[in-house]
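Chains A and B, in that order, give the protein sequences.
Add 5 to a position in the first sequence, counting from 1, and you land on the number used in our numbering.
Add 5 to a position in the second sequence, counting from 1, and you land on the number used in our numbering.
Where hints are given, some of them may not hold.
Which stretches of chain A does chain B cover? Using the computed rule of at least three CB atoms under 8 Å from a CB of chain B, they are [as the list claims (entries may be wrong)]:
#1 87-98
#2 186-192
#3 215-227
Derived DEER-like restraints, expressed as beta-carbon distance ranges [what the hints assert, rightly or not]:
#4 A:Glu277 - B:Asp185: 18 to 26 Å
#5 B:Asp185 - A:Met64: 35 to 43 Å
#6 A:Asn93 - B:Thr304: 23 to 31 Å
#7 A:Arg63 - B:Lys89: 40 to 48 Å
#8 A:Glu277 - B:Gly286: 44 to 52 Å
#9 A:Asp282 - B:Asn28: 55 to 63 Å
Coverage of chain A stretches by chain B, computed from C-beta distances (three or more under 8 Å per stretch; other residues unrestricted) [what the hints assert, rightly or not]:
#10 141-150
#11 297-304
Simulated from the structure, these hints should not be mistaken for laboratory data.
We treat Cβ as the ideally placed atom computed from N, Cα and C, and that holds for glycine.
2 protein chains.
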Amino acid sequence: MTLVVVGSIALDTVETPTACRENVLGGSAVYFSYAASFFAPVHVVGAVGEDWQADFSRMLSERNVDLSGVRQIPGGKTFRWRGKYHANMNDRETLEVHLNVLEQFDPVLPDSYRGCQWLFLGNASPAVQLRVLEQVRAPRLVVADTMDLWINIQHDELRELLRRIDGLVLNDSEARLLADDDNLVRAGRAVQAMGPRFVVIKKGEHGAMLFGERETYVLPAYPTAEVVDPTGAGDSFAGGLLGWLAMQGELTAATWKQALACGVVVASFVVEDFSLDRLRGLTRADIDRRLDEYRRMVTY
Amino acid sequence: MTLVVVGSIALDTVETPTACRENVLGGSAVYFSYAASFFAPVHVVGAVGEDWQADFSRMLSERNVDLSGVRQIPGGKTFRWRGKYHANMNDRETLEVHLNVLEQFDPVLPDSYRGCQWLFLGNASPAVQLRVLEQVRAPRLVVADTMDLWINIQHDELRELLRRIDGLVLNDSEARLLADDDNLVRAGRAVQAMGPRFVVIKKGEHGAMLFGERETYVLPAYPTAEVVDPTGAGDSFAGGLLGWLAMQGELTAATWKQALACGVVVASFVVEDFSLDRLRGLTRADIDRRLDEYRRMVTY
Numbered sequence: 006m007t008l009v010v011v012g013s014i015a016l017d018t019v020e021t022p023t024a025c026r027e028n029v030l031g032g033s034a035v036y037f038s039y040a041a042s043f044f045a046p047v048h049v050v051g052a053v054g055e056d057w058q059a060d061f062s063r064m065l066s067e068r069n070v071d072l073s074g075v076r077q078i079p080g081g082k083t084f085r086w087r088g089k090y091h092a093n094m095n096d097r098e099t100l101e102v103h104l105n106v107l108e109q110f111d112p113v114l115p116d117s118y119r120g121c122q123w124l125f126l127g128n129a130s131p132a133v134q135l136r137v138l139e140q141v142r143a144p145r146l147v148v149a150d151t152m153d154l155w156i157n158i159q160h161d162e163l164r165e166l167l168r169r170i171d172g173l174v175l176n177d178s179e180a181r182l183l184a185d186d187d188n189l190v191r192a193g194r195a196v197q198a199m200g201p202r203f204v205v206i207k208k209g210e211h212g213a214m215l216f217g218e219r220e221t222y223v224l225p226a227y228p229t230a231e232v233v234d235p236t237g238a239g240d241s242f243a244g245g246l247l248g249w250l251a252m253q254g255e256l257t258a259a260t261w262k263q264a265l266a267c268g269v270v271v272a273s274f275v276v277e278d279f280s281l282d283r284l285r286g287l288t289r290a291d292i293d294r295r296l297d298e299y300r301r302m303v304t305y
Numbered sequence: 006m007t008l009v010v011v012g013s014i015a016l017d018t019v020e021t022p023t024a025c026r027e028n029v030l031g032g033s034a035v036y037f038s039y040a041a042s043f044f045a046p047v048h049v050v051g052a053v054g055e056d057w058q059a060d061f062s063r064m065l066s067e068r069n070v071d072l073s074g075v076r077q078i079p080g081g082k083t084f085r086w087r088g089k090y091h092a093n094m095n096d097r098e099t100l101e102v103h104l105n106v107l108e109q110f111d112p113v114l115p116d117s118y119r120g121c122q123w124l125f126l127g128n129a130s131p132a133v134q135l136r137v138l139e140q141v142r143a144p145r146l147v148v149a150d151t152m153d154l155w156i157n158i159q160h161d162e163l164r165e166l167l168r169r170i171d172g173l174v175l176n177d178s179e180a181r182l183l184a185d186d187d188n189l190v191r192a193g194r195a196v197q198a199m200g201p202r203f204v205v206i207k208k209g210e211h212g213a214m215l216f217g218e219r220e221t222y223v224l225p226a227y228p229t230a231e232v233v234d235p236t237g238a239g240d241s242f243a244g245g246l247l248g249w250l251a252m253q254g255e256l257t258a259a260t261w262k263q264a265l266a267c268g269v270v271v272a273s274f275v276v277e278d279f280s281l282d283r284l285r286g287l288t289r290a291d292i293d294r295r296l297d298e299y300r301r302m303v304t305y
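Just chain A, same shape as in the assembly (with noise of 0.2 Å):
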């Protein structure tokens, strides 16, 4: 049941309407790994500057989360990246980008990670995915996410991409780009037809949607008061998602739809607080107790 995540760790620095955090770990590599090890075990693929502290590394291990994949560069410091949310807290803009050491970045997976049977491409340009695709021998589910900026400037290889991975996670915004249309339930299909045999497209605090080979799913998100940070919650909904797939080691119906609410609640958890901090304090318990009040709330 090996899930290996390939992605980025970075250092982020966070404004809110009403609070600021500098340099906190985050990442698509971190968020996911960190969501995914309430179910199962994950390796994760990455690098990191001389800047990293060990604080961090002993944070991740000490979960589940293997990180033996990750390379510090010489000299290097580690990817920053520093946003601000609006009041709603759902749009954001990107104040700064520092590649620092994804820059010159070509993934290299460690030999035991190649026959892995579960495989994350955190956002990354779809040529640095492809050549991660081409490392692995035969996995079971491999799972991509993207961004406009690949959209929009890696068109073909994103599109090559598309028909090599069984499933894409989105956001909203993303899939009416890519689909070039604004109903949601079309973009979906439309992307699906691009090639992978799922598609789940994130809609914030609005849920998400999974578009199947037989079937549509449509999940709310958690009903959350306190939304302190929403960074991380689309990459801890792909963790909680395939940590959940792994841990099973199959793919039925019950077992995609309760994957999907372990993403959907696992991300609930992350924006709480800030970087990993309200998952730091979880346990599983607590995980399982909000699926059930999660499951409550939709079923009937």
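Using the hints, position chain B against chain A.
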């Protein structure tokens, strides 16, 4: 199980990015009653002008909609609304409003309606809604709708109304305005604290949330690939909801959830065409089929 709706009867002119329909049947009482009629007989209280067509009455009467509480005002013209939807089919602007017969209308319930058990107060001034409330004897459930205009200009009357009804149905931007809080969960609970036992927040294409005495329910919208005209979706949602409750005659958790699903599903049909055009061709069996489909999409 008498269900009464007091609300507007309108001739709408609707512009969408691809089409325009002039003077089609609309209004809160029309959408509510037609939607509810799939589940229970409905009695409408409202006013129309001399421009009202016998065809409209026939169309409503052919279903379970009783129009004996509708007054035709001599020399008057029916309420008219003209609106335009933007490309995303969610945002709209009102281009023209002509109150016409509604300007002086003070609804009087026929004697036979005063003992009604289920009452929906469609969007109207809270002062008018309060006067209707004084005419009913001992209803089991009174639900009202409102809008930003009344939140702004009849705030005191609205607060008085909120203390005297069981439930309020309003859309997300109205909930934020009334509670002065951007977070919908806090806004829903704040509105509930103003009096009603339950508050339903409608989120258009993103579904709805119910804040009840002991429970919170969150429901995604049915994923609709063809949104032709969203006008009336909110009132149809309320119609499906109250129609189901009235038919069941009980207010258990299971009834509530199914009622919310009925609201979601009926509204999902309404937006597939202009006015009541999509609902007109439907049977209860069509509704039930989509209810089953929706249940499979959300329940796990």
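Do the hints match the structure? See the list:
1. Check result for the region 87-98 of chain A against chain B: holds, 3 residues qualifying (beta carbon to beta carbon below 8 Å, three or more required).
2. By the rule of at least three residues with a Cβ nearer than 8 Å to a Cβ of chain B, the coverage given for the region 186-192 of chain A holds, with 5 such residues.
3. Proximity of the region 215-227 of chain A to chain B, defined as three or more residues with a beta carbon under 8 Å from a beta carbon of that chain, is established by the 8 residues found.
4. A hinted range of 18 to 26 Å for the beta carbons of Glu277 of chain A and Asp185 of chain B is consistent with their spacing of about 22 Å.
5. For the pair Asp185 of chain B and Met64 of chain A, the beta carbons lie near 38 Å from each other, so the given range of 35 to 43 Å is met.
6. At roughly 30 Å, the beta-carbon separation of Asn93 of chain A and Thr304 of chain B lies within the given 23 to 31 Å, and the hint holds.
7. With their beta carbons about 58 Å apart, Arg63 of chain A and Lys89 of chain B fall outside the hinted range of 40 to 48 Å.
8. A beta carbon spacing of about 46 Å between Glu277 of chain A and Gly286 of chain B agrees with the range 44 to 52 Å that was offered as a hint.
9. The hint said 55 to 63 Å for the Cβ distance between Asp282 of chain A and Asn28 of chain B, and at roughly 57 Å that hint holds.
10. Closer than 8 Å: that is the beta-carbon criterion, and the region 141-150 of chain A has 0 residues meeting it against chain B, so the requirement of 3 is violated.
11. For a cut-off of 8 Å, the count of residues in the region 297-304 of chain A with a CB near a CB of chain B stands at 5, and the three-residue condition holds.
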